[in-house]
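A.B. asks: Construct the entire structure; sequences and hints are all you get.
Chains as they are written, first to last, in my numbering: chain A, 1 to 556; chain B, 1001 to 1329.
Source of the hints: derived by calculation from the structure; they are not laboratory data. Please note that the accuracy of each hint is not assured.
[Unchecked claim] Listed next, the in silico DMTMM-like pairs over lysine to aspartate or glutamate satisfying Cα-Cα at most 25 angstroms (straight line):
#1 Lys222(A) / Asp1187(B)
#2 Lys241(A) / Glu1177(B)
#3 Lys1282(B) / Asp389(A)
#4 Lys1091(B) / Asp174(A)
#5 Lys1282(B) / Asp414(A)
#6 Lys1064(B) / Glu177(A)
#7 Lys1282(B) / Asp174(A)
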Amino acid sequence: MKGHWKVFLAVALVLFVAATSFAYDRSETFVYGGGLWNAPTNWNPLTPWQETTGTGGLVYEYLFLYYPTTDEFVPYLATSGEWIGSKVYEAELRKGVKWTDGKSFTADDVVFTFEVAKDNALHYSNIWKWLDKVEAVTPYKVRFTFNDNVHYQEWKRTLYDLRILPKHIWEAMDPSEYLTTANANPVGTGPYMMEATGQDRMIWVRNENWWGNDVMGQPKPKYLINLVVNGNNVALGMLMKGELDLSNFFIPGVPKIKDTFGLTTWFKGSPYMLSENTALLFLNATKPALNDAGFRRAIAFAFNPAMIAEKVFENQVKVANPTGLFGEGWTKFLSEEVVEEYGFSYNPEKAKAMLDELGYVDVNGDGWREDKDGNAISFKIIVPNGWTDWMESIKILATNLKAVGINAVPDFPDYSIYNNMIHDGSFDMAINNNSSSRSTTPWTYWNYVVCDEIYGEEVTDGNFGRYDNPELFAAIDDFNMMQDTDPAIMDKAAEIQQIMLEAMPSVPLWYNGLWAQSTSSVWKNWPTEDNPEGYPCSWAGKWQYGALEMLINLKQ
Amino acid sequence: MKKYLTKKVIIYLFTFFIAVTIDWAIPRFMPGDPISMLLSRFEGMEGGREIIEAQITSSFGLDKPMLEQYANFWGSLFKGDLGTSIYMFPKPVGEIIAQAIVYDLILLLPAILLSWVIGNNLGAYSGVNKKADNTMMPFFYFLTSSPYFWFAVVVAFVFGVQLGWFPISNAYSATIEPGFNLTFIGDFLHHWFLPFFTLFLVQLGGWAIGMRNMIIYEMGSNYSKYMESLGASDNLIRKYAFRNGVLPQVSGLAIQLGTIVAGAMTTEIVFSYPGLGYLMLKAIVNQDYFLVQGCFLFLVIFMLCANFIVDIVYMLIDPRVRFSFSGEV
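C.D. replies: What follows is the structure in structure tokens.
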């Protein structure tokens, strides 16, 4: 009996050692983290808020790519597109594009992608409020006919934000599954396909038959391995060991250590990172004192965002323009005159003078200003607990307010409670940047900062302070319905900026960065200020900003 | 014996019911709701969020009255259905946990058992050896007072970053494909070691200190003195002392399990190790009712089973308990 055991063990051991092991060749693998936060479970292009990052961009493609650094629309599934008159938009589609199951991509797929939202309640169904019909003129030409309320600005973003679906697959699906399917075998037209998933990773493999190989060039890495990295301390350790090629985390200390560990950032010096979104302090316009535009404007002068940029972010961020606008897509509508006349900057003496003049003075001698009627006022500034950079920031803001005699304290509720407070309007002041990401049109920014969806119990789309100004809302709608070539558009943009600066519903403070640090042990030629080809970003829904161009341009 | 077990089983069933009810209730009493959380950072078309929010809410049955939700919860629980995760939609919670729990067991079981066995032996040794006591005790006190997450960071920094001996994150290398072969298993163990080591060391200190004190107490007790006066050998006395001293350590294990599991959660987060720890953190932060429920349910079951096992072991090693229930004493 004993002998049998030995033989069995020996055989088992031999089999065990002989079993083929498979490993991805590191020299053709791109390892990154910062955009994947859990085991990948969803690849549904109709639910972008929960798709695994890369589903849109690597698998499902858009009509155009949008490069924010140059404000440029890059022909993608569409080779060109233009307005024929004021209500008709025509897009020429690329020929020779194949879905990964071998079927050809045609105008029918594009028509289907839009029409499916007409018959089903999807996140972009509202487009049918201003779109009349979508038709395939030829197999490679799509005509969009709009009604009188064309949202020209919103349309621009739709062109690079709507994932085009394969009609033959989604048509066969029960519509009740549109929001519920995991779509575990995504069939797209894109440069990568699903390879494997793990509890802590998502692995993509290059699509060797991708149409872009001949047009744009082939992406260099054969495999993309997206790791779940639990936090920036882990990411930092992995960067130091060269285990990550690209990290999309905010990492304190990067300015100090980047040269020691050979990390690449977009800018060599401050601010190191590209700006990605505007961090704003929302002021609750339904609370005493904060309901006074004069008061809101006065405190804007009390804040010192330069100190936050320096002390908290080690100059990895830039201080915001008073309008909150940045990036080519937005600043082309920036009105310097309005900023000159209505802008604000850190000036505590001026803030004090303005508050005195408005009648917010310390009547009872407790050291804090009271409101105009002499009632005590105090404010809590909130950010989610654990968001350490923001927590430090609001400590500075509270100190700034105290310095001009306003009683304010920082507070750090848990993320869910923070969300609930900004949604139900029970907060005083809160930093938020949910939908202030850079885009091709400042409309997306305004539609978030002062959106008009504020009359329900829950305010979730933006304008959390419930600042109510129908005139401003109308102006933003007007702007949305103007073409970039419209002679009146600059005046409209200036009008919006002026109202916002006068009424100060929220205070733009700084621009959060596109946090990106890369190592050069495997891949080189990263996009930087000297080599601005590509966008080092693996965050969900942002692959069309040039991440692919980065992958194509990488060198060994 | 039967009486003992029956009583225990009833207590455990009652505990289970209460724990599961609390587990169901707590996430729902948090302010806010998971659906608006899910969509809070979605930048879509104007008014797009409103269109989908109601649909998603009703698809999870979250628009129903609380009592109905509670009844449905027990109903599906008996069918073995833990629901579908909201945050990791549309994966069933049962599947998510099954895939994560493997990593927890692989870390926890060896760490708990080894630290308990080795800790008790080291403690017993230092209880009788003055020199060993003086050298080891400060170290054990240091270990036991270290928070898991802090110790994990130190271990990761020293062995992972400074010395570079071990990887500091994830369950296996980025470029390795899981499979039943030496390369993968070696790589897996390489990644497994630091989180295991952290859990092992922090627990080790506590067991060693506990055992040392027990041994000193037992060695000074009347029966030891009596045996000594009868001329029993030191070894024999120590053996008896150990047998008595180990009893509180067994019940201590049951009491400590909660802390240990919580420690494992934080350790996993530090090492990006894909167990329940990080999953639960994400589930709670995102108010994913079903995933929170599932994870806690699993913990409750794990703790109850472990306690039950400890109870039985206790009965086996302590005749007094066994006899008290069988009426022999």
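A.B. asks: Tell me the hint numbers this structure goes against, listed in increasing order.
C.D. replies: 7
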